[in-house]
Structure formats: C-alpha cells, structure tokens
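> Residues per chain are reported as follows:
Protein chains: 4
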Amino acid sequence: MPNKSRFLRVPVEPFHVEPGLGADEVVTRMERISFQGRSLATARGIWEKMLSGDCTIFLGVAGALSAGGMRLIIAHLLERRYADCLVSTGANLYHDLHETRGRRHFVGSPRANDADLQADRIDRVYDTYASEQEFCENDDWIADFVLTLERRPYTSREFLYKLGEHLWNETGADGILTAAYRAQVPIFCPAIADSSIGMGVSQARHRDASAGHIDVIGDIIESANLVIRRPRTASVVLGGGTPKNFINQASVQAEYYDDRVGGHRYAVQIVTDVPHFGGASGSSLEEAQSWGKLASDAEQVTVHADVTIALPLLASALASSASEMLAARRPPHFDLSGPVMAVEGRPLPEARFEERTK
Amino acid sequence: MPNKSRFLRVPVEPFHVEPGLGADEVVTRMERISFQGRSLATARGIWEKMLSGDCTIFLGVAGALSAGGMRLIIAHLLERRYADCLVSTGANLYHDLHETRGRRHFVGSPRANDADLQADRIDRVYDTYASEQEFCENDDWIADFVLTLERRPYTSREFLYKLGEHLWNETGADGILTAAYRAQVPIFCPAIADSSIGMGVSQARHRDASAGHIDVIGDIIESANLVIRRPRTASVVLGGGTPKNFINQASVQAEYYDDRVGGHRYAVQIVTDVPHFGGASGSSLEEAQSWGKLASDAEQVTVHADVTIALPLLASALASSASEMLAARRPPHFDLSGPVMAVEGRPLPEARFEERTK
Amino acid sequence: MPNKSRFLRVPVEPFHVEPGLGADEVVTRMERISFQGRSLATARGIWEKMLSGDCTIFLGVAGALSAGGMRLIIAHLLERRYADCLVSTGANLYHDLHETRGRRHFVGSPRANDADLQADRIDRVYDTYASEQEFCENDDWIADFVLTLERRPYTSREFLYKLGEHLWNETGADGILTAAYRAQVPIFCPAIADSSIGMGVSQARHRDASAGHIDVIGDIIESANLVIRRPRTASVVLGGGTPKNFINQASVQAEYYDDRVGGHRYAVQIVTDVPHFGGASGSSLEEAQSWGKLASDAEQVTVHADVTIALPLLASALASSASEMLAARRPPHFDLSGPVMAVEGRPLPEARFEERTK
Amino acid sequence: MPNKSRFLRVPVEPFHVEPGLGADEVVTRMERISFQGRSLATARGIWEKMLSGDCTIFLGVAGALSAGGMRLIIAHLLERRYADCLVSTGANLYHDLHETRGRRHFVGSPRANDADLQADRIDRVYDTYASEQEFCENDDWIADFVLTLERRPYTSREFLYKLGEHLWNETGADGILTAAYRAQVPIFCPAIADSSIGMGVSQARHRDASAGHIDVIGDIIESANLVIRRPRTASVVLGGGTPKNFINQASVQAEYYDDRVGGHRYAVQIVTDVPHFGGASGSSLEEAQSWGKLASDAEQVTVHADVTIALPLLASALASSASEMLAARRPPHFDLSGPVMAVEGRPLPEARFEERTK
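Residue numbers (this note's numbering), protein chains in the order written: chain R, 1039 to 1396; chain G, 1039 to 1396; chain L, 1039 to 1396; chain D, 1039 to 1396.
Okay, chain R solo, but in the shape it has when bound:
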C-alpha cells in the first residue's frame, strides 16, 4: 500500500554511474539526488529560466577565482551572454589582467614555507603562486594607462570599460576584461580601492595629482538606473563578498525610486560561507527576501560548494543544455563608451536616479 502523505511525492533517484557520461548528463542525474548535488542541478535549471525569462542577469564574482583558473569560464559567460552585467572584486580583474598580459599564475602547495616564498618574492594564494615582480609591473602598466586618460572622475564601470578596451588593443587576448569590452557587458567594481587595480590607479595619482579619480558613488547611481530601466532582474553570485551585496543594493536602491522594481526574479548563489554568523557573504536568499532584494516568489537556490568544483561542471553542463535558449535570447544591448552607459540606445541619466513617469 503506497504511503499517502502529501510530503512523499517525488522519489530520490540514486545516481547511476556509466562510462562516457557528459557533464550535461551528470548534472541532469543530480536533479533527483539530495543535498548540495541536487542544489547544483537546481542552479542549472534556474539559470536556464533566467536565460528564457527576459531578465537582466547580474553576475557577481568574489574570491580569487581568476588566479584559481576560472577566468576563461567567466569570460565565456559574458561573451555568450549568460550574464549581462558583471560585479567583481578588484582581485579577480587584476589577476585576469595579469594573465591577459601574458603572465601566469602557478601551481603551488598550501603547505609551502612562506618565509622561503617571501625570500623569493613569490606571493601565495592558498595553493597558487605568482611573481611579485610581475605584479609590480602590472601596477606600473595600470598607472601608465590611467595617465593616458582625460583628467576627470570615472565610475569604476567606465574606467574598467576603457581598461578592457586598452587591454584588448594591446594584447588581442581573451579574458574577463577583454570579453566584457567586446561584448559590451558592463563591469562594476565597487571596492576597487581595496585591490591592486586601485593600487595601480593610486600610483598614477602619485605621478599626477589630477589623475586617478574613481567615482564609486556614480557606480551606485548607474547600477540602480540599470535596474530601473529594466526592472526584471536575476542574480548569479559566485562567492559572496562585495559583489553579492552590490547587486542586491542596486535592486533596493532602484525600488526606492521606482516601485515597479520588485527584487530579483531568479537568484543562484554558490557560496562556502554560512548564514549563522550574520555576515552578508553567507546570508541566505530567504533573508534577502525580507529586504526586497529578491521577489517573494523568486525561484532561488544556494549551492554550498567551492566555485572551482561547481562552476566547471555547471558551465560545462550549460554549454550543452542551454545552447538553444542562448540562441533564442535577446539580451539587452548596452553602449558603454560614455560616462554613463546607454541601454538599447538610450543613455541612463547621469548624477541622478531615473524617476519614471508612471
């Protein structure tokens, strides 16, 4: 006699292993297992809904993902418009620039002798090494570039667009900054002052006091206006940090000026932090609903996993399963060349929040 409880509807299907399974099929077989494997499969499904759902998709990337080998996945996601707007830490952009300029990160050990590394001027990121000397050269390169710019404040969004353009012209190489430039995908870096990109900019200031002015308050306004202009949004967050909060803040700030904004319709986060210590990085997507960062009927999932495991699998699965949705998708068209960006040919307002005539 079958159990009649309303709670017992969909049985768990044990994962069957076979030789030759594709990444796509591995994720499909995770849909009916449990715990974080199921959450990862759910994330794939929600991302596909974003792609079909006429949303502006924000992608947030924190941690040391570029140094960790994820930068070409992120570039791929921007190029093919799995996402329409990137919010990043400075570190991820800096390490991307480092490799786009032809330098490398190196396979290392988490149990290295750090005094020996310091003596050799090697900087360690967990199990990955880089040359401090090469990092200093990047800083100089950034400062040189900043000094070529007109002397006025730049939002991080405009600055990074121009940096991507310069980098593409100089290297013709793939990477996050160059892919975003070519795909006209805006990048916001609200905590740019807390990164080596900011350090490079500060060295331009050192050489010329009128150089290197980044207008991060302008970033708040532009990002909120992007939401006001296209109130259907979605959020994919890899790793928490300032990108997660900035994406949510844009939604909250936009709603203040336009009540048609109602929080993200879809949300995926892949995090290792947990909610119970109260920090924003680990905060749950349920909590985000109390703030209106997320619509109360949003489809959402949190995947508790290291991005360097979850993202290669997820992106590989999507590359197979989402190709038709991507082909059918009409992503928003941006023009990023000016001090404020234009959406479908119409510029966002500068220095003020767009107020809708309702």
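Possibly wrong hints are sitting among the right ones.
If you only want the chain R side, here are some residues facing chain D, beta carbon under 8 Å, derived [as the list claims (entries may be wrong)]:
id: 1; residue: M1237
id: 2; residue: Q1287
id: 3; residue: P1377
The set of hints was computed from the structure by calculation and includes no laboratory data.
Beta carbons are placed, not taken as given, at the ideal position from N, Cα and C, and that holds for glycine.
Since the structure of chain R is already known, use the hints to place chains G, L and D on it.
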C-alpha cells in the same frame, strides 16, 4: 625574461568550457586549476594509482549518503572493485536496505515545517523525506532475519555479509549490501549500535534474549588481520566519522603486531569538516602521518566538498578513465562466508592478531 | 513615534565592556546581542531549565575534547549532576584515562612537521601532542584490566563503570571515568570498537579468546529503557558524532515501546558542523523534531562554535548562576554495579524493552 | 621515566571550572588547553604585546557586527586606544549610526517567515530585525549631511570623520563613529560604495550633481602614508572581508615606497572562513607572510570563531588584564580635521606617497 624562481614551474591553465565535455575531460581540465577543483582532479589521479598499485583499498562512507542518492555509486565501486573493503555507518547501510527492499526516499525541502512532518510521521534528512512507518517495517524485517540466525556472536562484518545474502535472495536488487555480498567485499560497521540496523537487531534480542549478539571487538581483530595479511593498503574516505577512524585504526593496530605494516600508501578524503576544531572527521592527512596511519611518503589529498557534488563527478570520470586499470587489476579474493574471512583461500585467525614469522 | 510592527519587540542591547566582569555576567550580557553569542546565552538559559525541569539529562561528547583540555569540565558536570548520563566517543574516554593515569597531552603546533613527529613517535591531534609509547602502555593496561573480569559479555555501560572503578581504586585521581564512577552516572560508548579503548579490549581477546566481549546491542536496550523509565529527558550535545545520534535514538526506540515518551523536552547542541551536507553531526534540532527525537514544543538551541571556546565560558557561567538550581535538584539515583542498571532502586529489564502497563 | 622528546615540553592543563571566575581568568585558563580555546587565549597575549610594542594598531571589522551588538565594544576599543585606526565595512558604520541616532535593532529569529517580514517592511540579518522605514530615514539624514559639506572630493577617512563629528554634535551619544571622532581615530571605509552609507551619499548626488564625491583612491594613499610614517604596525581583524585586505594592502603599498616597512609585527584574526577555498577572508596569516603583509617573524594567531562569542570574552578579559599596558601606552596622536591627516602634528602628503630621505 622568464621568472627563474624554483617555485614557478607549472602554470595554472584556465578551464576552457566547451559544449559536449565528458565528465572525464572536465576532471582532466581541473588538474591545472586551483583550490578544491584541483584537489578533486588530484583525487582521481591518486585513486588510479591505488588501482594500479597492488593495494587493498579501503572505502569509508559516513554521513547520509544512501538517503542522498549515492548508494548505487557505492555499489558500483564495490562491484567493479574500485575498493576491496567497505567501512560504513549503520545509517548508510540501513537506508540502502530500505531502498533495496523497494521503499524510497523522497525529494523534500530543508525549510519544511517539522511539526507538520512529525504529525504526518515523516522523517527528514535535510532536504529528503522518508516514511517512519516504512522505517518501522524495516526494523521488524531486520529483527525477523536476526532470529533466523544461529545463536552466537557475529562480527558486524559476518552479520552484514549474511544480511546482504538474505537481501539479495529476497529482492535480487542492486544496492550496497547486495553488491558487497555478490562481489565478496567485506563491510565493517563498527558503530552498528548507533544506527537503525542496531535497533532492528535489538528488537530481535527483545523477542529472544539469546539473539542479536554483535561482536564489534572481533571486527577490530579481523580488520587488523586483513592489513597484516596484505600490508599494502590505501584509503578513500567519504565524509569522516567512524569509518575514517576505523580504517586508520586497522593500520595502527596491525603495525603493533607486524612492523612491515607502514600506514596507507595512498589516501583520498572528501570531507566538509575542517581540522582546526580538533575532531577526527576533519583531521588532515598530514596529521595522520604523525600517527603512522599514513606512510610518510604516501600520496594523499583532501577534497573539501560535499560528497553529493564531488562523488558523481569523480565516479563518472573514473568510469571512463580507469577502465583499463580496472581490467588489469587483480584485486584480493575474499571468502566471507565464515566467522572469519579468508584471503586468497587462507582464513584469517580468529580471536587473535596474526603474528608473522619474520 | 515607535515602530508598531509585531516583529520589533525586544531591542538588541549592545554589549558593554567593563573591567572585572565575571563569566556569569559576560553570558548574561550576551542574551540580548545577536548571532552565536546570543545562542550561547540561550544555551545557558535552557540548561538551567533542564536542571529545574525534573528531566534525565543526557550529555553527549564527541571530538577530541579530553585531549583538548575539557575533561575536567566534563567531570565537573557529572560530579555536580548537571547531567545524569554520558554518551561519549571512545577517544574522549581513552584520553581521559591517559591523563587520569598520570600521563599528559602536550601543547603543540598545527603546522608541525609530521614526518619528524612520526620519527619521534609523537601522535598529533591538531595542535596537541602525545607519546605513542605511553598510548601503547595504556592499551596494555586496559587489556590487563579486561583479563581480570569474569568471562561474559558486558555492555559498554557496565564495562566503563567497572573501568572507572578500577581506575579510581588505582589512581584516586579526578577525571571523566572516575567522576562518573563516583557519581553513579552511566557512560555509554556505542562506538567503542572505533577507539583505542576498543583496541585495548581486543588485545585482551588476543591473549584469551573468551575475554573482551562487549555487548553494544545491550547498550541500545538499556539506554532506551532508561528513557522509558523516566520519559522526561533533555539532551546536551557537544560536537555531534555518534553520541548525538545515540541519545536521540534512545528516545526514538523508547517511544516505539511506550507512547508516553515524546522526545527530549530541552535540547542544546554546540557544534561546528552545518546542516546542509546532510550528515547527522550537523543536523538541526528542527530536523530532530520531524523524527520525534525532540518534542515539537521543546526549547532548543544550536550554538555554532568550537567547544573549547564555548564550554569553558558556559560552564564557568553556570557554576555561578546555576548553583541554587543544582542544590535544589533531585537527580535520578542510579545503581550501576550490575549487568543492568537500577533506577531509584529498581533494576531495568535485561535483554528486553520495558513495556508499560498503561 | 619522563618522555624525552623535544616535542613534549608544555603539558596541556585541563580547564578547572569554579564559581565566580572572571572573564580574565577564564581566558588565562584557556592558555594551556587546545584548539580554538587556546588560540583565543593566544590572541589576548598578542594583543597585549601590540599595546606594549610601540605599534600603530589597525583594527578591521567586517560582517554585521554593529547590528549584532558589538558596536559599543568597538567604540570602547577605539576610545581607550586598543587600536589606532579602524577599517570597516559600510554596514558596520551604518548600523552604528542607526543606533547612535536612537533607533534600534531587534531580537528576531533565523527561521522567520521572510515574506511576512517583507510585508511588514522588516529587514532581517540572520536573527536580528530592523525597520526599513527607519533605514530610509537614515539615508535621508546622511544625504542632508552630505549637502552641508563643501563641494569637493573627500576620502572616506575625512568624510567619516566629519560624519562622526556631526553625529556627536547632534546626539552626544556613544558609538563607533562618535568614539572615533572624539578619540581622533581615523576610519577608512574602502568599500563605502557597497553600503547604505554610500546609498545615502548617492542620494545627495541625486539632489545636487556636484555633491557626494568620495575619493577612495585617496584612501589608498593616506593609509599607505600612515604606514610609511610609522612603519611598526599591527593588525587585528574581526571577520575578514575588505577591511582585512585593505589593512594588508596599506602595508604592501607602503613597502613599495619605503623598504623600512616590513609587514605587520603582530597579527590577530578572528574569522569563520577557512583558507582552502582560496578567498582572502579566510586566508591564513602564514600566506600573508609570503606577500610581505606580515613580517616573517611576526607573532600571529587565527581564532576560528564567531566574533559575537569571541570578542565579548576577549574584550572583557583585556579590560582587566591590559589596564596597566593601556595606561603606559603612548598611542600615536592624529589630527583628522583636514583633507589629509596629521601624525604627531605633521601632515601626511596629499596625492602622493611619502618617500623617505634615507
């Protein structure tokens, strides 16, 4: 001019996404990224070395992996002899038995109202549900089986072999217990008293005071003798807990009686616990070397990940990449039908540790 | 104008620092802060309710708490009857025995060279060292003791009582085993086979095949009968593991035979594991309600913290604030000297679950 | 016969519980236990060395510590000069301002129904609630204040000084911003654009396009110059995030211009993140040495704990044990009233890094 530091030898290769990637290739491309993605790829490589390395491979499984949809992966690993001996929590065997008997676990929500579930007699494991009524029927089924056995103490190893045999005869269905029975792979369950398997056994005792005697001290002796008989060992641990320690303990106990035993030659653990709280589940494999649980030159890796993400990917990759090694492998042959097991036709000693004539 | 929302009732009170604050007052000031600090203060309050609430209080201890310097706190909690029944891993009892016998653990480093430690036969537990030679002597001492016992199976509860008695007679020293012996507090160790205590017992078996029989199935029955006899129970769990599950299992098993049992009335757990990987160690107390391990109206709290920080503070606070409750408490009186324990002078049944005449 | 190994020198001393223990004594008794309890006691000792060591002490605060009830501890640490410079997330300053203005956070539940909260316009931070309406009023209040300022760019440091001054003049109430103002302790907020403080500033820009310019690149320069001027530094980090990196970055940037800077001499971090996912929040202090963020002979400790448990205990202990060191301390004297701060009466350079005549 290339950087000359000895630390900068092997560059990180950013992961390239393409449509149609197989699980095998996803893991291969993780070998040169960083953080836990690289660790997972390293785990694949070390497991392949175990398969080629003439080792007795111990597999430990903790957590709620069977309820979580991993039981047929574990069965697959035993059937094809990716591992030669299983150490498990009782929960994983009990939930396996539940499904092998044709009952199911169900897809649920981690944010369910647990009072409602209690009222409906639904038991929750994070995001997975099961019927308490069906669990009670399992307990009765186990008690009935126990009462068919001759009245004498059984090691958990012998008891689980007979349980698997009975289950196979009754159901003919795939699962951990039945796969282990058919492949003559021993299962140890040192904490059987802390599980529903133990509860079922205790209900047999309730019906007949002379029934249901499990000799867990005998398990210590038999597992150590297995190591003494074949001193080259390897360890794959999914999730920590008692299986992790029991596998290591067998090695330490064996070395006490035979100094040719020198700790596991290879070790892989996939855990979510961390070392810094001092518990055995999260303890590092480096620490295990201080105890001699691991050879000091062992190849080892810890993957910090949920098993329900890491194992489907890892097992799918191995199914492709390890097939030739598996075909060439000559795993140890066990006979499990007696009170003590036989290795290559020669029984292990009973009630004493094997002492080698050196 | 005050905010009228029903959700905004009790304001957070920022913690005020002053010189000379007692542990008691520190915890009191945590009652109105947030996150895990508040949870710790809540744990103190719930433990006080247990002491006033005519419950049998189970205490579970996992991890390496004895090696970590917590054993005299646990002894203190048993002696003064903050708890009435201990469920422990074997490791905590073994490391307790080691120190009660006059040996020591030592302050070490988590970044030690483990090959050097192995060469010196030093065993490491994160940042703590011990002598392997002394551990081997403990094993011999345990085996010698086992050989003095009558040749019959012993539950872990009875065995540990006799071990504590022998240890007290030999050393007269404070510790968990000796305090439990003197306070007639039962100790269950369901996973005794997965510990050095079990290894010592197995060495007695090696010397005499009729020695060293531990009846862990009997432990299931005796622990459930303890709950049936006194159906009001409470649970304090430090660190998850087998003790957490065994305490809950006793309640579930008891309810099977007596429907007046309704799950623990109060529950506190101090854990570092998290729920979202599905393992029992990290499972939430809400989830425990679905199983009936906890009454659906139970007062409960989870503290996400390392026990070595939380317990010294919590126990020191209770030593001041709970003294009157302890003085007024009438804990259950046990007699542990026989094969089954007696509660208030009346033995529990042997080899069967107590069925109530209702 | 005592064990002679060089590794076995300092025995673990089990913690003894007694009624009436002070916080100071609780921490002292943790010095000889293990795991994170010992680490917390070590943190107290290292902080005392910082106080005696003629260092500029940086304090970093991330997470939601102000909402969580920690703001008056932080204020206390600044007022009494346990630290000389604060680096904070915007959230901690915003929630501080909220309470200093007389509003409150409220005790809530982590399992609240967030749709209900959203309907009531209640914002949740894990187990803590606040009124969204009151938050909007704060934003207006900040915008009003910004519009009183001269129209020129302000570093976050200068801006927050003026904000603290205004808040003190208006409320006369204790808090982080007002304590820092009165004690002339600089506050840097490099990610100010990722916070409600930034949102308030952006609303001033909305009203007047020439208002609300924050010069975060100037913050990089001023913070590095602070290190160049006083090259002996120490770092206490609560919770990771941008403050942790910014404090380290100041040291790295300073060293670029003055090779007498050699990284922090002392470092304490209290974090819940872990190193193995590669993010900066969880990165180890050993790793920081490879970058030169920390001197290779620095005394340092990581405490893996929630700040809301560790900090009340640690600060209460220091309030007793560090009083003489504090009385004897001669902290650096800053004047914060200008666009760049002065150290001991001598202004730091503006728009350039100070280069030492060596």
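> Does the nearest C-beta of chain D fall within a distance shorter than 8 Å of the C-beta of P1377 (chain R)?
violated, 12 Å
> Report holds or violated for the interface hint on Q1287 (chain R), using the least CB-CB distance to chain D and a cut-off of 8 Å.
Result: holds, 7 Å to nearest chain D Cβ.
> Regarding the hint that M1237 (chain R) lies at the interface with chain D, is the smallest CB-CB distance below 8 Å?
Constraint on M1237 (chain R) satisfied, holds at 6 Å.
Violated hint for the displayed structure: number 3, the only one.
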